[in-house]
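S.K.: Residue numbers (my numbering), protein chains in the order written: chain A, 1 to 138; chain B, 1001 to 1033.
These aren't lab readings, by the way, just hints derived from the structure by calculation. Hints may be right or wrong, so weigh each one.
Unchecked claim - 30 Å max Cα-Cα, derived DSS-like pairs, lysine-lysine:
no., chain 1, residue 1, chain 2, residue 2
1, B, Lys1020, A, Lys16
2, A, Lys86, A, Lys25
3, A, Lys16, B, Lys1019
4, A, Lys25, A, Lys130
5, A, Lys16, B, Lys1023
6, B, Lys1023, A, Lys103
7, A, Lys129, A, Lys112
8, B, Lys1015, A, Lys129
9, A, Lys25, B, Lys1015
10, B, Lys1022, A, Lys109
11, A, Lys16, B, Lys1015
12, B, Lys1022, A, Lys14
13, B, Lys1019, A, Lys103
14, A, Lys130, A, Lys112
15, B, Lys1022, A, Lys16
As the list claims (entries may be wrong) - Listed next, the stretches of chain A that the computed footprint assigns to chain B, with coverage defined by at least 3 CB atoms under 8 Å from CB atoms of chain B:
no., stretch
16, 59 to 66
17, 93 to 100
Only a predicted model underlies this, so the values are computations on that prediction, with no experimental measurement involved. Ideal placement from N, C-alpha and C gives every residue a C-beta, glycine not left out.
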Amino acid sequence: MEGHFTPLQIDFNKNKNLVNRFSVKWTPTVIILEVDGTEHHRFIGFLPPDDFIGQIMLGRAKSEFDLDHYGQAIQCFQEVLVRYPKTDAAPEAQYFLGVARYKASHDAKELKYGLEALQRDYPMSEWTKKAQVYGLTP
Amino acid sequence: MAEAIQWETSLTTAKARAKKEKKLILMDFYNDL
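Here chain B stands alone, though its shape is the one from the complex (with noise of 0.2 Å):
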């Protein structure tokens, strides 16, 4: 079973993570409509 993604919801947050695991951002915007 397909592991659950760990959806990060800060930048900042998202950013640290990205640099200590040396990784790309990729940054959704959505909208509950």
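One chain only, chain A, in its complex shape (with noise of 0.2 Å):
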């Protein structure tokens, strides 16, 4: 984890500047910042530790994706999908994947591929549901 982050606890209870200032309501919240304090990805409650790993790489795929890193976006969700493919990361990864590699290429055949992926392999996933209006591509 120590890889790509700088962990940082805070207490919910002793820093309401910070509970305010990011809206935090319940925990625990995991935040994936910039260090511009640009948001990238959260997640609330306890997770087992492949769902908590596979929601902190897709974090890191986000950021990536924010950032208009397509190349190193499209890497970081087929991390996602390899290691933690039974995660509900993997098909979040599955959908921001298609929209980085049409975003990569312009070619929106790849938002339909994205879907064809999704209904395969995650076909009851509010993503899936999401990427429907992309079978409508030609």
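Dock the two chains into a complex; use the hints.
M.R.: Structural data, given as structure tokens:
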């Protein structure tokens, strides 16, 4: 984890300024931040180890995506899918993998391929519902 | 044996360390019930 992150623990009851600044209402809340304070990803609640690490890796991938580093983002989303395919982070990673590939190539077929992968591997996911519209692309 | 995680407890310090090491910040809000 420390390879890519500086870990910071904040006591919810003793840091009301930060609690309010980041609109934290419940614990645990984990937020992935840029040094300038830009938020890339957050999740709430206790997770089993694989799900926790999957979310952390998803946060890293989304940070690359947010910075328009699509090549890096694609690698990171793929890493989530390969290492943690059974976690809830995986369908979200699959969704954004399709989007990152589209943004990198400007080829709308990448969105359709992303939907097909979601329908095959995660048919019940909300991310599959969110990608349904991409099935209309020619 | 795995090394213990070096948690920061101040956002200011975490930002300085993250900037120096070119890393993201993983901020964990916890509550000792």
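S.K.: It remains to establish, for every hint, whether it holds in the given structure.
M.R.: Comparing the hints with the structure gives:
1. Between B:Lys1020 and A:Lys16 the alpha-carbon distance is near 27 Å, which keeps this suggested pair within the 30 Å criterion.
2. Among the hinted pairs, A:Lys86 with A:Lys25 is consistent with the structure: their alpha-carbon atoms are about 28 Å apart, no more than 30 Å.
3. Distance hint between A:Lys16 and B:Lys1019 is fulfilled; the C-alpha atoms sit about 24 Å from each other, no more than 30 Å.
4. Between A:Lys25 and A:Lys130 the alpha-carbon distance is near 27 Å, which keeps this suggested pair within the 30 Å criterion.
5. Restraint check for A:Lys16 and B:Lys1023: satisfied, since their Cα atoms lie roughly 25 Å apart, inside the 30 Å limit.
6. The straight-line distance between the Cα atoms of B:Lys1023 and A:Lys103 is roughly 24 Å, inside the 30 Å bound, and the hint therefore holds.
7. The hinted pair formed by A:Lys129 and A:Lys112 meets the criterion: a straight-line CA distance of about 13 Å does not exceed 30 Å.
8. Between B:Lys1015 and A:Lys129 the alpha-carbon distance is near 37 Å, which puts this suggested pair outside the 30 Å criterion.
9. The hinted pair formed by A:Lys25 and B:Lys1015 meets the criterion: a straight-line CA distance of about 23 Å does not exceed 30 Å.
10. Our distance criterion of 30 Å between C-alpha atoms is broken by B:Lys1022 and A:Lys109, whose separation comes to about 35 Å.
11. Of the pairs offered as hints, the one joining A:Lys16 and B:Lys1015 holds, with about 19 Å between alpha carbons and a cut-off of 30 Å not exceeded.
12. A C-alpha spacing of about 28 Å is found between B:Lys1022 and A:Lys14, which places the hinted pair at or below 30 Å, so the restraint holds.
13. At roughly 28 Å between alpha-carbon atoms, B:Lys1019 and A:Lys103 fall within 30 Å of each other, so this suggested pair holds.
14. Under the criterion of a C-alpha separation no larger than 30 Å, the hint pairing A:Lys130 with A:Lys112 is consistent with the structure, at around 12 Å.
15. At roughly 28 Å between alpha-carbon atoms, B:Lys1022 and A:Lys16 fall within 30 Å of each other, so this suggested pair holds.
16. Beta-carbon proximity to chain B at under 8 Å applies to 3 residues in the stretch 59 to 66 of chain A; the threshold of 3 is reached and the given coverage holds.
17. Counting residues of the stretch 93 to 100 of chain A whose CB lies closer than 8 Å to any CB of chain B gives 0, so the stated coverage by that chain is violated, three being the minimum.
When each numbered hint is compared with the structure, violations occur for hints 8, 10, 17.
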